[in-house]
Every structure is written in structure tokens, then in C-alpha cells.
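Given only the sequences and the hints, what does the whole structure look like? Please build it.
These protein sequence lines map, in sequence, to chains A and B.
All the letters of the first sequence, read from the start, carry residue numbers 1 to 264 under the working numbering.
All the letters of the second sequence, read from the start, carry residue numbers 1 to 440 under the working numbering.
Calculated directly from the structure, the hints in this document are not laboratory data.
For every residue, glycine included, the Cβ atom is placed at its ideal position computed from N, Cα and C.
Just to be clear, a hint being listed does not mean it is correct.
What the hints assert, rightly or not - Simulated pairs of lysine-lysine, DSBU-like, Cα-Cα distance not exceeding 30 angstroms:
#	chain 1	residue 1	chain 2	residue 2
1	B	K386	B	K35
2	B	K278	B	K45
3	B	K103	A	K114
4	A	K117	B	K293
5	B	K239	B	K316
6	B	K316	B	K347
7	B	K293	B	K403
8	B	K239	B	K210
9	B	K136	A	K259
10	A	K126	B	K316
11	B	K6	B	K144
12	B	K403	A	K209
13	B	K51	B	K283
14	A	K117	B	K316
15	B	K35	B	K239
16	B	K45	A	K117
17	B	K403	A	K114
18	B	K136	B	K13
19	A	K114	B	K316
20	A	K141	A	K114
21	A	K114	A	K235
22	B	K45	B	K283
23	A	K209	A	K235
24	A	K259	B	K293
25	A	K126	B	K103
26	B	K170	B	K386
27	B	K6	B	K136
28	A	K126	B	K283
29	A	K141	A	K126
30	B	K386	A	K126
31	B	K45	B	K13
32	B	K35	B	K115
33	B	K316	B	K403
Said to hold, decoys possible - Examples of chain A residues lying across from chain B (beta carbon under 10 angstroms, computed):
#	residue
34	V54
35	T80
36	D120
37	A122
What the hints assert, rightly or not - Covered, in the sense of this in silico footprint (three residues per stretch, anywhere, with C-beta under 8 angstroms from a C-beta of chain A), are these stretches of chain B:
#	stretch
38	387-400
39	414-427
Spelled out, the chains give:
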Amino acid sequence: MEFVVGIDVGSLSTDAVILGEEENILGYSIVGTGDSSTDAAREAMDSAAANAGVDMVRASLIISTGYGRAAVPGSGRQVTEIACHAAGAYHFFSDTELVIDIGGQDSKVIRVGKGGKVLDFAMNDKCAAGTGRFLEVMSAKLKIPLDQMGTFSLAARGEASISSVCTVFAESEVVSLVARNFPKEEIVKGLHRSVVNRVWAMTRQMSVKGGVTMTGGVAKNTGVVALMEERLGRKINVPAEPQIIGALGAALMALRHLKGAAAG
Amino acid sequence: MSLARKLRYGFMKDVGAPLVMGLAGVKSRSKNIRKPDPLFGPPLKCAERLKEIMTRHYFLSRYAEGAKPVAWVTSGAPVELLRAFDFYTIYPENHGALCGAQKLGPELCAVAEEKGYHQDLCSYARIDLGVCFSGKTPVGRLPKPDLLFASNNICQTVMYWYRVLSHKWKIPLLVFDTPFNFGQISRSEINYMVMQFEEMIPVLERISGKRLDQKAFENVMRLGKESAMAWGEILAAMKTVPSPMTIFDAFVHLAPIVSLRGLPVTLDYYNILLSELKDRISKGIGAIINERKRLMWDNIAIWYKVRDFSRLFAEKGMNFVAATYTNAWAETISYMDETRPMESLAKAYSLVILNNNLDHRLNLMERLIDEYHVDGLVIHSARSCKPYSVGQYDLKRLLMERKGIPSVVIEADITDYRAYSEEQTRTRLEAFFEALEGGS
Chain A
1 MEFVVGIDVG SLSTDAVILG EEENILGYSI VGTGDSSTDA AREAMDSAAA NAGVDMVRAS
61 LIISTGYGRA AVPGSGRQVT EIACHAAGAY HFFSDTELVI DIGGQDSKVI RVGKGGKVLD
121 FAMNDKCAAG TGRFLEVMSA KLKIPLDQMG TFSLAARGEA SISSVCTVFA ESEVVSLVAR
181 NFPKEEIVKG LHRSVVNRVW AMTRQMSVKG GVTMTGGVAK NTGVVALMEE RLGRKINVPA
241 EPQIIGALGA ALMALRHLKG AAAG
Chain B
1 MSLARKLRYG FMKDVGAPLV MGLAGVKSRS KNIRKPDPLF GPPLKCAERL KEIMTRHYFL
61 SRYAEGAKPV AWVTSGAPVE LLRAFDFYTI YPENHGALCG AQKLGPELCA VAEEKGYHQD
121 LCSYARIDLG VCFSGKTPVG RLPKPDLLFA SNNICQTVMY WYRVLSHKWK IPLLVFDTPF
181 NFGQISRSEI NYMVMQFEEM IPVLERISGK RLDQKAFENV MRLGKESAMA WGEILAAMKT
241 VPSPMTIFDA FVHLAPIVSL RGLPVTLDYY NILLSELKDR ISKGIGAIIN ERKRLMWDNI
301 AIWYKVRDFS RLFAEKGMNF VAATYTNAWA ETISYMDETR PMESLAKAYS LVILNNNLDH
361 RLNLMERLID EYHVDGLVIH SARSCKPYSV GQYDLKRLLM ERKGIPSVVI EADITDYRAY
421 SEEQTRTRLE AFFEALEGGS
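Pasting the structure below:
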């Protein structure tokens with residue numbers, strides 16, 4: 001065996017991770033999902049393979065996860081993103097007892113046991129508020145690039161209050177705040193607060209004492225992470241590239257599956 | 001009540017219904033010759049009889065109007081009292097479930113929504129109002145009631161829903177108000193409920209044109225109690241490994257105890273079902289072929305998904321063997337006592353699961369998990385049913401701590417499938433399957 005592949009086809013991005021035998025990341029990629037999960041999966045795998053300098057056809061096993069997991073060509077197994085995020089987060093931070101994954105179209109909190117095993121989870125998949133999509137809509141409205149939202153939020157001196165829990169109505173609230181010349185920094189911080197409050201409500205179902213790790217694209221947003229830390233009253237682990245944690249988890253499972261098969 | 005209508009009802013009951021049922025039976029028997037399903041054990045033989053009973057009930061209801069006093073009743077109302085006056089009863093909740101199973105929920109709900117009833121209201125209520133406003137129903141026609149009978153032991157929505165019906169048809173509404181049980185039911189609360197029954201009797205006598213016959217009432221009480229006990233035994237049969245029936249079967253076989261409680265046909269039918277289950281147990285026949293894991297269901301069924309879920313779980317070798325929902329019609333029946341009918345009705349109906357505190361529900365669920373050897377729990381958070389869905393996350397957490405079994409919450413609705421997302425539900429269920437199979 002040379003390498004395995006984990007691929008996470010999400011609503012907004014498709015991420016692939018190529019993992020060597022020693023759980024070492026050989027390469028990875030993040031591409032937009034667009035209108036075809038299959039095309040996005042192919043593109044993500046090709047790009048990760050180029051990045052790792054390997055030939056995709058020699059992959060020992062591909063495990064797919066995420067909403068488009070059934071559409072991945074060559075996938076040998078499918079696993080839910082809940083199990084993958086737990087395994088991926090645990091790989092980097094073995095003190096993880098709670099994973100907060102804020103993705104493109106949903107957010108979830110996962111209680112994790114020994115070895116990265118899922119003990120329990122709660123999801124918000126009914127409403128765009130509290131997801132990456134919410135922040136994407138707002139970043140477009142405010143004309144602030146998504147990757148700068150965190151910086152803006154940290155620079156805020158005050159904070160706008162966003163009362164609506166609905167993305168569409170929150171957007172019109174933002175429009176009226178802009179019209180009143182409210183500082184953009186404070187609006188962004190208010191938006192982040194509303195995301196954090198929604199996700200925090202889910203963490204309360206889990207009663208976790210140990211380490212908290214954030215994964216998913218929104219974990220790159222330093223403003224959201226800071227407010228979440230404030231709300232939880234503790235430091236949060238953030239992996240260097242939080243967006244690939246689902247794909248990494250899938251790749252780890254592929255490795256374990258092969259090792260289990262070899263041993264058993 | 002007119003003589004002509006009475007004669008017509010009598011004719012349809014004795015001649016029309018058996019004829020129609022006979023024809024329908026021939027049709028369905030010729031249609032039902034199918035190959036055995038590799039996932040499931042042999043289907044329950046008595047299911048044909050159940051279909052007949054329920055079809056006959058709705059068929060005859062069309063001719064009841066004007067021939068018998070007709071009442072529309074909530075699922076948790078003490079119907080025994082009405083039976084003593086020979087009311088023909090329609091259960092809008094049972095009818096709503098039937099519409100839900102036939103995937104008519106959104107269409108009928110939309111009729112009510114056009115009139116201004118909000119989508120956040122219970123979908124049983126919206127379907128029923130939709131049926132009232134449009135006259136549409138898959139059973140042909142529902143009889144216009146002479147009386148409405150509601151109890152708030154299941155929710156507060158029924159109070160407003162039945163008031164709308166009462167207003168529309170200008171007919172009386174009887175309400176049985178049950179104080180919520182926070183810990184223990186008091187003497188004065190029982191007196192309060194008994195006094196309500198006493199006030200109802202003159203109204204029932206006026207509408208039915210009959211005096212309360214104590215003997216008939218006691219007989220109904222006895223029949224009601226015996227059929228609920230038989231239902232309890234039917235559910236208890238599912239303690240057997242492998243279980244002779246699935247909870248999806250029980251959701252369907254629940255119809256008589258809900259809609260025909262206190263009538264001889266219900267007791268007769270449950271005795272048939274029970275003996276078939278005992279026979280299956282003695283032969284070691286399971287409802288699904290490969291029962292590896294045993295599950296419990298919380299909340300009302302997702303009617304439009306019963307068939308799909310039944311397959312989905314059977315494919316995984318998982319069988320639902322208990323549900324708080326089906327248990328509700330067997331749970332408080334031991335309080336029934338025909339020698340003290342009013343007081344015992346008050347107790348039996350006010351201590352039902354939805355009128356009882358969360359500690360009670362937690363203890364009940366713990367007991368069911370132990371007795372039915374349950375490995376995992378599926379919690380339906382039903383958009384329609386707030387009293388049933390509140391507190392579920394706390395129950396989930398506490399049961400996990402105490403029993404260490406995996407559980408999952410799925411967000412859906414009982415009949416309105418616009419509140420159901422297939423892909424998201426699948427993801428949650430698959431994560432649950434992963435946890436049940438011993439983790440990632």
C-alpha cells in the first residue's frame with residue numbers, strides 16, 4: 001500500500017486529502033463544489049494528487065464523505081461527515097471531547113470519546129443562520145472578502161446587534177445598519193455573534209468538560225473563533241487547515257480499514 | 001334522528017357494508033399474491049381483517065349522519081362516556097394519520113393555510129380544517145358531527161382547533177380539562193374532573209335523546225379496559241427476541257384502540273392479533289429476518305415514511321420493538337374500574353404521557369429500554385407536536401448517561417412532508433447506524 005484518499009464533498013467546497021501509511025498528509029486540495037459533485041470530486045482528487053506527486057489510479061482505497069459522498073467516482077466506502085470530523089479533529093488534538101464543525105450548509109457539534117469515536121451529535125440543518133452560507137451572504141453584502149471577515153470583527157470597538165435569526169431578514173437588517181453608517185467592523189462582529197449564539201445553543205446539549213476543536217471552513221474566521229471562546233469560556237483548538245478535517249477523517253478511516261483488513 | 005336515515009344506516013350496516021367489504025376483499029386478495037420479502041418474516045395474517053374493520057368504520061360513517069348521534073373526538077378524550085350514549089365517533093387525528101400515510105398532508109394543509117392558518121400549527125389540525133373547508137378526504141366523505149368532544153390532556157392546540165369546528169358548524173363543544181400532573185394528582189383535581197363529567201351528562205342526553213344507561217356505561221368501561229389490556233399484551237409480545245412484530249406494524253394496528261375504543265370489535269380483533277403473535281413466538285418467527293439490533297421510537301409516527309423506514313431499518317437488521325407512542329394507549333389503563341367509572345376515567349385520562357411530567361417520561365423510557373432489550377433510540381422531533389417534542393434533548397442526554405445507548409434526533413413532521421428533508425435525515429440516521437455498530 002502506498003497511499004489512501006479521503007474526499008469530503010460538501011455543499012460549498014469539495015476537499016481531498018491524500019494520506020501516506022504513517023498517517024502523514026502527502027497532499028490536499030480544496031475546490032468549489034459548483035453544480036456537479038462528481039466533477040468537483042474528480043477535480044479535487046486530481047489536484048490533490050498533483051500536489052502530492054502521486055498517481056491517483058494507485059490509491060489503495062478512497063473513502064468519501066459529505067452530502068455528495070455517493071457521487072464520488074472510485075469511492076470504495078462511504079462514511080458520514082460526523083464520524084469523519086470526529087476522527088480528523090482527534091488526529092490533531094487528542095484532548096478533543098467536542099468538535100464544532102461549522103460548514104457551508106449546516107453546523108454540528110459532536111461529542112467525541114476515546115480514539116475519536118462519536119458518542120453523540122447535534123445538528124442544525126434546517127436553517128442557514130449559524131452556517132458558513134450565512135457569512136458568505138453577508139460578506140457579499142458588505143463587500144468584505146470572506147477571509148478578511150475575522151480581521152474586521154477583531155478590530156471592532158463596539159458591536160451591532162443583529163436581532164433576526166433568519167439569514168434573509170438579517171441581510172435586510174445589515175442593509176439598514178449600512179444605511180445608518182454603522183461601522184462595518186461592528187456589523188461584522190454582530191453577525192459573528194449571531195452565528196456563535198446559534199451554535200453555542202447546540203453545544204449546551206452535550207455537557208462537555210474537555211478540549212474543544214473547531215473544524216470546517218468557518219473555523220478559519222478568527223472573529224468567530226474568538227467569540228466562541230468567549231462564550232464557552234475556554235480556549236478552542238483550531239487545526240492549521242480546518243476545512244480539510246472531514247476529508248482527513250475519511251482518509252484516516254481508509255487507512256484503518258486497510259490495516260484492519262490486513263490484520264484480520 | 002330521522003327514521004329514514006336510521007333504516008338506511010341499518011341496511012348499509014347489515015347488507016351494504018358486508019357486500020362492499022366482500023368485493024374489496026376479493027380484489028385485494030387477488031392483488032396480494034406476492035413473493036415473500038427477503039427482509040421480513042411472513043406478513044401478519046390478521047392485517048386483512050384490520051383493513052376491513054377500518055374501511056367499514058369509515059364507509060358506515062357516511063350513513064351515520066342523521067341516523068345516530070355523531071361526534072368528532074380527540075385521541076385522548078374519555079370516549080367511554082360517549083359510547084354509553086351510542087355516538088358514532090370520528091377521530092380527526094386518526095383520519096389525519098391516514099391522509100398523512102397517503103401523502104395528502106401538504107395538499108390538505110394548504111387548504112387551511114389559504115384561510116390563514118399558519119404553517120407552524122399542528123398538521124393534524126390543518127388537515128382536518130382543510131377537510132372541513134374543502135370536503136376532500138380519501139375516505140369518501142366524513143359525517144358532519146352533532147357534537148365535538150376534546151380533551152387538553154394531549155395538547156392545547158385541540159382547544160382552539162375544535163373551537164373553530166364548533167364555530168363553523170354551530171354545534172356544541174364539550175371540553176374535558178385535565179390538570180397537568182407535576183408530581184402527584186390530588187383529590188381536588190379528581191373531583192374537579194368528575195364534576196365535569198357530571199355536567200356533560202345532560203348535554204349528551206339532550207343530543208342523543210337517550211338517558212344514561214348505567215349498565216351500558218359499565219359494559220363500555222369493561223370493554224375499553226379489556227381491549228387496552230389486550231393492546232398492552234400485544235406490545236409486550238415484542239419483548240420476545242426476535243420480536244414477532246415491528247413498531248411499524250404496531251403504528252397501523254393502533255387504529256382500533258384509538259378510534260374504536262370501548263367497542264366489542266376492538267377487543268375481538270386484538271384477541272385475534274394476540275393469538276397470532278403468540279403463535280409466531282412459539283414458532284420463533286420474527287417480524288424481520290435478521291434482527292441484530294433492537295430500537296425504540298419516541299413521538300408520533302412519520303406517517304408518510306412508515307413504509308420506507310420499515311425497509312431502511314430492516315435492511316440493517318434493526319427492528320423497532322418499542323415506542324412511547326404506541327405504549328400511550330396501554331399505559332394508564334390499569335386505573336380503569338367499572339365500579340367507579342367517573343373517578344377511574346379521570347385518573348386514566350389525566351395521567352397519560354403528554355399530560356405528565358418529564359421525570360415520568362424519563363422513567364417510562366428507562367423501563368421500556370430495559371424490558372424490551374433496546375440497543376438504540378430514535379427520537380422524532382415532530383414539528384406538529386410541541387408537547388411531545390419539548391424536552392427531548394434533555395431526555396436524550398439523560399438516557400445516554402443512564403443507559404449508555406446511542407440515540408439520534410430526526411426533525412420531521414407527522415404528516416406534512418414539506419418539513420422533512422430526506423438527505424439530511426439520511427445523514428443523521430447513518431451517523432446513528434455507525435454509532436450503533438460500535439463507532440467509527
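Point to revise | Index of numbered hints that the structure contradicts, given in increasing order | key: 1, 3, 6, 8, 9, 16, 20, 28, 32, 34
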